[in-house]
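Q: The chain contents come next:
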Amino acid sequence: AQSVTQPDIHITVSEGASLELRCNYSYGATPYLFWYVQSPGQGLQLLLKYFSGDTLVQGIKGFEAEFKRSQSSFNLRKPSVHWSDAAEYFCAVGLYNFNKFYFGSGTKLNVKP
Amino acid sequence: GAVVSQHPSWVICKSGTSVKIECRSLDFQATTMFWYRQFPKQSLMLMATSNEGSKATYEQGVEKDKFLINHASLTLSTLTVTSAHPEDSSFYICSASHRDNSGELFFGEGSRLTVL
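Chains Y and W, in that order, are what the protein sequence lines are.
Everything in the first sequence is counted per the working numbering, starting at 1 for the first residue and increasing by one.
Everything in the second sequence is counted per the working numbering, starting at 1 for the first residue and increasing by one.
If you're looking for bench data, these hints aren't it; they were derived computationally from the structure.
Bear in mind that the values here come from a model prediction, so they are computed numbers and not experimental data.
Each hint should be verified, as a subset may be incorrect.
What the hints assert, rightly or not - Quick partial rundown of chain Y residues pointing at chain W, CB under 8 Å, derived from the structure: (1) G43; (2) K49; (3) F90.
Cβ atoms here follow ideal geometry from the backbone N, Cα and C, with glycine treated the same way.
Extracted from the complex, chain Y is given alone in its bound form (with noise of 0.2 Å):
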C-alpha cells in the first residue's frame, strides 16, 4: 500500500544536540516531499520541499532534509536543535502534479534544557 512512514512517534533531545527525524515513503514514483512542523495550537507550518534537483534541501529555522531515492526516505535534520523547536513535525508527499497530499504520521519533539 501507498504510505508515508514516520517511523518515530517521540523523540527527545538535548538542546544544542544535533536531530534527526526519520522519513519513507513507498509510492511507484519519486514524489514532491515536503516537512510540515505544527506547534501546540498553530497551524502548520512549511519547513522545507523539495521537486528535484540537488538532493540535500534547506529550509527554515536552519532545518535541512536529504532525499535519497534508493532508500525512499526524506529525512529532516539540524544541527543544533534549540528549545524552540519542541513540537510535532510531519512528512508529507505530493502526487499527481500536487492534486493529492499525505501525511506521515508525525513526530513529537521534546527538547531538554
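Given the coordinates of chain Y, work out where chain W should sit on it, guided by the hints.
A: Frame of chain Y, contents of chain W only:
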C-alpha cells in the same frame, strides 16, 4: 505569505444537526483545496480534494454523503458535516494550493467540532 482562514474555529452541536465549516484563501486564488481530519495525537488524514467548479474527490472510506464539500469559487471551499454524531467530533483542517502551482500548501487554523 498566503493566508488561509477557517471559520468557525470551534463549534459545538447536537447530534443529528449539520455543521458547515468554511475555508477561505484570503489573498490568493486556490485552484485546489484539501480537507483533512486530525484525531488527537494523530496525523492529518486526507478526506477529500476539491477543485474549483468540480466535484470533490473523496478518499477511500470517507462518506461523501456525510461530508459534503463544495468549492464554488477560487477562494472558498466548504465542508458540511451532515447529521453529525459524536464520532464525527474531531479537528478539521483545510489547506489550499496556490494557483501558480508552486506546490506549497497553505493551511487554515483548523476547526474543532464537538458533537454532543
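Q: Take the hints in turn and mark each one as holding or not.
A: Hint check results:
no., hint, result
1, G43, "holds (5 Å)"
2, K49, "holds (6 Å)"
3, F90, "holds (6 Å)"
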